[in-house]
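Engineer: The lines below spell out each chain.
2 protein chains.
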Amino acid sequence: MPPVIGVFDSGFGGLTVLRELRQALPAADYLYFGDTAHLPYGAKSVRTVAKYAISAAHFLEEHGIEMLVVACNTATALAFEDIRSAVKVPVVGVIEPGAERAAAISKTRKVVVAATEATVASHAYQRALEQRGMQATEKACPLFVPLVEEGWVEHRVTEEVAHIYMDEVFQDGARDADVLVLGCTHYPLIRPLLRRVVPQSVEIVDSAESTAAKVVELLDADRGQGAPGDLRCYATDSVEKFRRLGSKFLGCPIQKIELVDIEK
Amino acid sequence: MPPVIGVFDSGFGGLTVLRELRQALPAADYLYFGDTAHLPYGAKSVRTVAKYAISAAHFLEEHGIEMLVVACNTATALAFEDIRSAVKVPVVGVIEPGAERAAAISKTRKVVVAATEATVASHAYQRALEQRGMQATEKACPLFVPLVEEGWVEHRVTEEVAHIYMDEVFQDGARDADVLVLGCTHYPLIRPLLRRVVPQSVEIVDSAESTAAKVVELLDADRGQGAPGDLRCYATDSVEKFRRLGSKFLGCPIQKIELVDIEK
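The listed protein sequences derive, respectively, from chains R and A.
For the first sequence, numbering that gives the first Met the number 0 assigns the number 0 to the initial residue and increments by one for each residue that follows.
For the second sequence, numbering that gives the first Met the number 0 assigns the number 0 to the initial residue and increments by one for each residue that follows.
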């Protein structure tokens, strides 16, 4: 029987992870939880993020998932252990797979991680990379998420902002870094733009891709092959907005979206 | 006895209203509630915004305020009547005072309102202005809040974004508008920049200023004069971040900040 996989994010960004998962394991059934009433997590505290993430994890567990993907860098960075101890099913975050992939391809052993303020402040990527003998420079890019949500994925303003953030880090602190990890699930949408902005010698690692690869590794991949499985989405705020914005991230229309309340 | 005034916002922006209030009524005691765990309201639904706003209003009422200022354009636009019916004290929002001021100074009877997506979608400013015989063009400027929070209040990127938003509206839809209403409490921080970007013939109305003037009109202004009153702030997320960011909006350091939880 195909697996039932739960995917959790603060909003729409995790749909880039879901998109990769559906390509790798099309027959699986997916339950996606977007905690849109509380987004963005990027500027919130550990305590607050953990509370919301655990409520969402419980909700998905009660709905029959056999694996949970925390498709949110901030929630993974701030609350991964809290989430893992709160549920019975195996939990995969986005940070370890991204760090693993970066370690596998870097020659200089120096990596830049672009992420939200909260992910950077947690230093979760730094720890994961240092454990693999890498040196990490973390760069908070708080304007990337609103620019992506404005739809300016190919826009001169976004390119200018990307230059400001990336030049700062690649010209100053991390001249010989040869990998850029996209440590936020919104960033894959501006990957082509970032490709033009960062030095050509730098490889871009998309943690959405690496996370999907990790899930395939953990599950029996054969179980995920066959006719396309079901996708149900749960949002804590406007279903209409989820449909509109979410489809951009997923790359195709979303049919089943249900409004849920996890504040009880 | 000096009045006790409650000021509510989704985050820090309402502190620009508080700043104006403290100048007008220095002796009053102020309780400021920043619902930072749920910010920003700008992209959330009516139902969600009303729920949070009412919880905050009840909290402030239980703490002894005699007037409530909803210093948040989105909450005023989406939930003003809900908030007013939920509490016993008089409630002042930010939209009516801003619209009143615009109507008082416009000669062409055409006004542009810059605001968040949710405020624009509600058309609350349009209604308030039309009731006063004005024609309103509403413009959503979703990148202004993150740019202000990034601290880029005098930055070429912010100026470029402002040009994109403002040129679109003043060169196309609203050529002969002579007033720009700042329909979001974050925008006063980029007022000098906006002054350079919009046509010189356009007057800028800051709804924070107009709201403070309205409160003075409703209260006995003499009661607010004298030695500076007390300010206590309540935040639903990180006190440290509130202290850091909030001080920029208020224009001076904030001493007393308490973490509160309104999700019960």
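Since the hints were made in silico from the structure, they are not lab data.
Just so we're clear, the structure is a prediction, and the values are computed from it rather than from any experiment.
Among the clues, some could well be false.
Pairs count within a copy or across copies, as identical chains cannot be separated in the list.
[What the hints assert, rightly or not] Pairs of lysine-lysine, DSS-like flavour, derived with a Cα cap of 25 angstroms:
no. : residue 1 : residue 2
1   : 138       : 240
2   : 50        : 240
3   : 106       : 255
4   : 240       : 106
5   : 109       : 50
Engineer: The structure should be examined with respect to each hint, and the outcome stated for every one.
Structural biologist: Quick rundown of the hints versus the structure:
1. 138 to 240: between (30 angstroms within a copy, 19 angstroms between copies)
2. 50 to 240: both (24 angstroms within a copy, 18 angstroms between copies)
3. 106 to 255: neither (44 angstroms within a copy, 50 angstroms between copies)
4. 240 to 106: For residue 240 and residue 106, neither the intra-copy (43 angstroms) nor the inter-copy (38 angstroms) Cα distance is at most 25 angstroms.
5. 109 to 50: neither (34 angstroms within a copy, 47 angstroms between copies)
Going down the numbered hints, you'll see the structure goes against 3, 4, 5, while the others check out.
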